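Visitor: Take a look at the letters that make up each chain.
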Amino acid sequence: MGKTLSEKVWDEHVVRSVEGEPDLLFIDLHLIHEVTSPQAFDGLRLAGRQVRRPDLTLATEDHNVPTLDWDKPIADPVSRTQVETLRRNCEEFGVRLHPLGDIEQGIVHVVGPQLGLTQPGMTIVCGDSHTSTHGAFGAIAHGIGTSEVEHVLATQTLPQARPKTMAVTVNGSLPEGVTAKDLILYLITQEGTGGGQGFIVEYRGQAIRELSMEARMTVCNMSIEWGAKAGMIAPDEVTFAYLADKPEAPKGAEWDAALAHWRTLVTDDDAVFDKEVVVDAADITPWVTWGTNPGQGAPLGGTVPSPEDFEDASDKVAAENALRYMDLEAGTPLREVRVDTVFVGSCTNGRLEDLREAAAVIKGHKVADGTRMLVVPGSARVRLEAEAEGLDLVFKEAGAEWRGAGCSMCLGMNPDTLAPGERSASTSNRNFEGRQGKGGRTHLVSVPVAAATAIRGTLSSPADLQTVGSN
Amino acid sequence: MEKFTTHTGVGVPLRRSDVDTDQIIPAEYLKRVTRTGFEDGLFAAWRNDPSFVLNNPVYAEGSVLVAGPNFGTGSSREHAVWALQNYGFKAVLSPRFGDIFRGNSGKAGLLAGTVDEKVVQRLWDHLDENPGATVTVDLESRTVRAGDGPDAIEDSFDIDDYTRWRLLEGLDDIGITLGHEADIAAYEANRPSWKAATLPAS
Numbered sequence: 001m002g003k004t005l006s007e008k009v010w011d012e013h014v015v016r017s018v019e020g021e022p023d024l025l026f027i028d029l030h031l032i033h034e035v036t037s038p039q040a041f042d043g044l045r046l047a048g049r050q051v052r053r054p055d056l057t058l059a060t061e062d063h064n065v066p067t068l069d070w071d072k073p074i075a076d077p078v079s080r081t082q083v084e085t086l087r088r089n090c091e092e093f094g095v096r097l098h099p100l101g102d103i104e105q106g107i108v109h110v111v112g113p114q115l116g117l118t119q120p121g122m123t124i125v126c127g128d129s130h131t132s133t134h135g136a137f138g139a140i141a142h143g144i145g146t147s148e149v150e151h152v153l154a155t156q157t158l159p160q161a162r163p164k165t166m167a168v169t170v171n172g173s174l175p176e177g178v179t180a181k182d183l184i185l186y187l188i189t190q191e192g193t194g195g196g197q198g199f200i201v202e203y204r205g206q207a208i209r210e211l212s213m214e215a216r217m218t219v220c221n222m223s224i225e226w227g228a229k230a231g232m233i234a235p236d237e238v239t240f241a242y243l244a245d246k247p248e249a250p251k252g253a254e255w256d257a258a259l260a261h262w263r264t265l266v267t268d269d270d271a272v273f274d275k276e277v278v279v280d281a282a283d284i285t286p287w288v289t290w291g292t293n294p295g296q297g298a299p300l301g302g303t304v305p306s307p308e309d310f311e312d313a314s315d316k317v318a319a320e321n322a323l324r325y326m327d328l329e330a331g332t333p334l335r336e337v338r339v340d341t342v343f344v345g346s347c348t349n350g351r352l353e354d355l356r357e358a359a360a361v362i363k364g365h366k367v368a369d370g371t372r373m374l375v376v377p378g379s380a381r382v383r384l385e386a387e388a389e390g391l392d393l394v395f396k397e398a399g400a401e402w403r404g405a406g407c408s409m410c411l412g413m414n415p416d417t418l419a420p421g422e423r424s425a426s427t428s429n430r431n432f433e434g435r436q437g438k439g440g441r442t443h444l445v446s447v448p449v450a451a452a453t454a455i456r457g458t459l460s461s462p463a464d465l466q467t468v469g470s471n
Numbered sequence: 001m002e003k004f005t006t007h008t009g010v011g012v013p014l015r016r017s018d019v020d021t022d023q024i025i026p027a028e029y030l031k032r033v034t035r036t037g038f039e040d041g042l043f044a045a046w047r048n049d050p051s052f053v054l055n056n057p058v059y060a061e062g063s064v065l066v067a068g069p070n071f072g073t074g075s076s077r078e079h080a081v082w083a084l085q086n087y088g089f090k091a092v093l094s095p096r097f098g099d100i101f102r103g104n105s106g107k108a109g110l111l112a113g114t115v116d117e118k119v120v121q122r123l124w125d126h127l128d129e130n131p132g133a134t135v136t137v138d139l140e141s142r143t144v145r146a147g148d149g150p151d152a153i154e155d156s157f158d159i160d161d162y163t164r165w166r167l168l169e170g171l172d173d174i175g176i177t178l179g180h181e182a183d184i185a186a187y188e189a190n191r192p193s194w195k196a197a198t199l200p201a202s
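Chains as they are written, first to last, in full-length UniProt numbering: chain C, 1 to 471; chain Z, 1 to 202.
I should point out that these hints are in silico values taken from the structure, not numbers from a laboratory. Nothing here was measured: the structure is a model prediction, and the numbers come from that model. Among the hints, a few may not be true.
Said to hold, decoys possible - With a straight-line cut-off of 30 angstroms between C-alpha atoms, the simulated DSSO-like cross-links for lysine-lysine are:
| # | chain 1 | residue 1 | chain 2 | residue 2 |
| --- | --- | --- | --- | --- |
| 1 | C | Lys164 | Z | Lys118 |
| 2 | Z | Lys195 | C | Lys8 |
| 3 | Z | Lys118 | C | Lys316 |
| 4 | C | Lys316 | C | Lys72 |
| 5 | C | Lys164 | C | Lys8 |
| 6 | C | Lys366 | C | Lys438 |
| 7 | C | Lys396 | C | Lys72 |
| 8 | C | Lys3 | Z | Lys195 |
| 9 | C | Lys396 | C | Lys366 |
| 10 | Z | Lys195 | C | Lys316 |
| 11 | Z | Lys118 | C | Lys275 |
| 12 | Z | Lys118 | C | Lys438 |
| 13 | Z | Lys195 | C | Lys251 |
| 14 | C | Lys438 | C | Lys316 |
Stated by the list, open to error - Taking CB as the label site, the calculated pair distances span:
| # | chain 1 | residue 1 | chain 2 | residue 2 | range |
| --- | --- | --- | --- | --- | --- |
| 15 | Z | Gly175 | C | Lys251 | 53 to 59 angstroms |
| 16 | Z | Asn55 | C | Glu311 | 28 to 34 angstroms |
| 17 | Z | Leu168 | C | Pro175 | 41 to 47 angstroms |
| 18 | Z | Ala189 | C | Gln50 | 26 to 32 angstroms |
| 19 | C | Asn171 | Z | Gln121 | 38 to 44 angstroms |
| 20 | C | Trp255 | Z | Ala186 | 44 to 50 angstroms |
| 21 | Z | Ala201 | C | Asp71 | 51 to 57 angstroms |
| 22 | Z | Asp158 | C | Pro247 | 45 to 51 angstroms |
| 23 | C | Ala260 | Z | Asp161 | 52 to 58 angstroms |
| 24 | C | Gly301 | Z | Gly175 | 40 to 46 angstroms |
| 25 | Z | Arg47 | C | Gln50 | 57 to 63 angstroms |
All C-beta atoms, glycine included, are put in the ideal place defined by N, C-alpha and C.
Take the sequences, apply the hints, and build the full model.
Guide: Rendered as structure tokens:
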């Protein structure tokens, strides 16, 4: 019997395998940031241990950094201490760091791919659950906790129980105006926040093959939101073309050797997955969340559901709690929901292609009165590339705020937060209670929906703008 | 890590499903560089609600949390485990855990036991009828017990063999792995030269 993609990559990284114990896997790339690493470095110091492979470790500053005045010392002393602690730790242990002000600084999951360090067939970990993003290249990539960060720093390995395998096949092409974000939000609504639990998921099928590299990252990024251990897409010509000119991609004969290997990283025809899910791309429409977990989603063209719509008792209670927190009435058309803040950015949708897409929608329009729009590039390099194309001017002319790189309003940890009761349409990945700031209410949306919402002030898609224009 | 064999303590019924790690501890509390002192951030948003279970003084000594399905989903922050431990929790029972949270618990010494949804419901009812009642979590026999007499609850919980063994022995994972140094070195020696590196070869 053949092997699936994830089984191939897994097997290539087994350092030690013993019955009754987890496999010991070698880790090809360990990404670190300021929030989940300080206690790990402390642990190393206490035990008198070194970083085993600084040459397979990369650090940047993203979660806790401001996106305004990023060239000045960080104002919040606690945040500043955390960032300075990362700098000291990287210095002491010889880890490469891209700090604020560096062109490669930014969200760790944007930085790895843009450098070309994220490559097919790798094992990649980071103390951040959205590490699943890197699976878009055909890598096994997943988030880990701080104890595991310390473990990888000390040993460059991780004991891992072998997950089950799942195929998600998306047949047909995504309809016009439907994005990778809508696809993954739709899938999470269908499968629930626990549907992927215990599985490494391989996304496949025509609609996946037709996605750009950046859109594939959006899909894999949100694998964790339906509980999957990791999400992967087999590398193909799109992947190789993306990597070819990246600074840290192999060059010359090394590239040829790497490419020959990468081409073997596909699921064999006779391989069997433990579970299969099939989705018809034609069923997917612009999708938004109405509740407080990413599985509580609905078509933008629909209405806020009623708790009575759910059969499962705990889903009913969850819907009741969510509607109360979100201050929404069942039956309200989602297009009538007024939004205070629009956030375009994050490791889900903060890459250059996302900014181009947002600019294309917003060009020639103004952000609605009473609505603010933040556009936050995923990395300093993305910011500079966007500025070179004049995208920053498009946003500024529309009345949006153009910021420096970082996690920003995705997680309510840095100065970019929602005020209590404030409602956002956000291209990020989590609509948990208080995720974007205490008492904040989040609707997860695609980039085009975010941009159209900024213009109309209510949840909208670009198609709604055309209607307005023709009146 | 301290050894965990069996624990008996006040059970806390958390009648919620999908409790993500942002609810367990919001991001604003993650700026610290220590492993302690996170108890003030535990369930921070809910603590403002006087009817929230942990605001009932009877649960001040709570050490066994009984939660609905999908506990600990979302962010990888181990701070969620530390916050529970810093508060005094030794064990969490739920029908289903977020993978990363369950892994973090095992590493940090918090027992995360998977129990049947019906058992959670019975424990909730028992704890609501007898506020402050204790729950026993016996790792050796993988058993959870509460109450006595004809209505006593006794059922099994799941935890993977390897994590159970490590918790019972109080073993440090890194120490175990470093015992396999020769295997790691052998693997490293055979890695292809085209594999990505963040620093130039020294």
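Visitor: Against this structure, judge whether each hint is valid.
Guide: Structure-based check of all given hints:
| no. | hint | result |
| --- | --- | --- |
| 1 | Lys164(C) / Lys118(Z) | holds (26 angstroms) |
| 2 | Lys195(Z) / Lys8(C) | holds (16 angstroms) |
| 3 | Lys118(Z) / Lys316(C) | holds (17 angstroms) |
| 4 | Lys316(C) / Lys72(C) | violated (48 angstroms) |
| 5 | Lys164(C) / Lys8(C) | holds (13 angstroms) |
| 6 | Lys366(C) / Lys438(C) | holds (28 angstroms) |
| 7 | Lys396(C) / Lys72(C) | holds (22 angstroms) |
| 8 | Lys3(C) / Lys195(Z) | holds (22 angstroms) |
| 9 | Lys396(C) / Lys366(C) | holds (9 angstroms) |
| 10 | Lys195(Z) / Lys316(C) | violated (49 angstroms) |
| 11 | Lys118(Z) / Lys275(C) | holds (26 angstroms) |
| 12 | Lys118(Z) / Lys438(C) | violated (33 angstroms) |
| 13 | Lys195(Z) / Lys251(C) | holds (11 angstroms) |
| 14 | Lys438(C) / Lys316(C) | holds (24 angstroms) |
| 15 | Gly175(Z) / Lys251(C): 53 to 59 angstroms | violated (40 angstroms) |
| 16 | Asn55(Z) / Glu311(C): 28 to 34 angstroms | holds (32 angstroms) |
| 17 | Leu168(Z) / Pro175(C): 41 to 47 angstroms | violated (55 angstroms) |
| 18 | Ala189(Z) / Gln50(C): 26 to 32 angstroms | violated (19 angstroms) |
| 19 | Asn171(C) / Gln121(Z): 38 to 44 angstroms | holds (40 angstroms) |
| 20 | Trp255(C) / Ala186(Z): 44 to 50 angstroms | violated (27 angstroms) |
| 21 | Ala201(Z) / Asp71(C): 51 to 57 angstroms | violated (34 angstroms) |
| 22 | Asp158(Z) / Pro247(C): 45 to 51 angstroms | holds (46 angstroms) |
| 23 | Ala260(C) / Asp161(Z): 52 to 58 angstroms | violated (40 angstroms) |
| 24 | Gly301(C) / Gly175(Z): 40 to 46 angstroms | violated (57 angstroms) |
| 25 | Arg47(Z) / Gln50(C): 57 to 63 angstroms | violated (41 angstroms) |
Figure legend: structure checked against the earlier numbered hints; hints not met, in rising order: 4, 10, 12, 15, 17, 18, 20, 21, 23, 24, 25.
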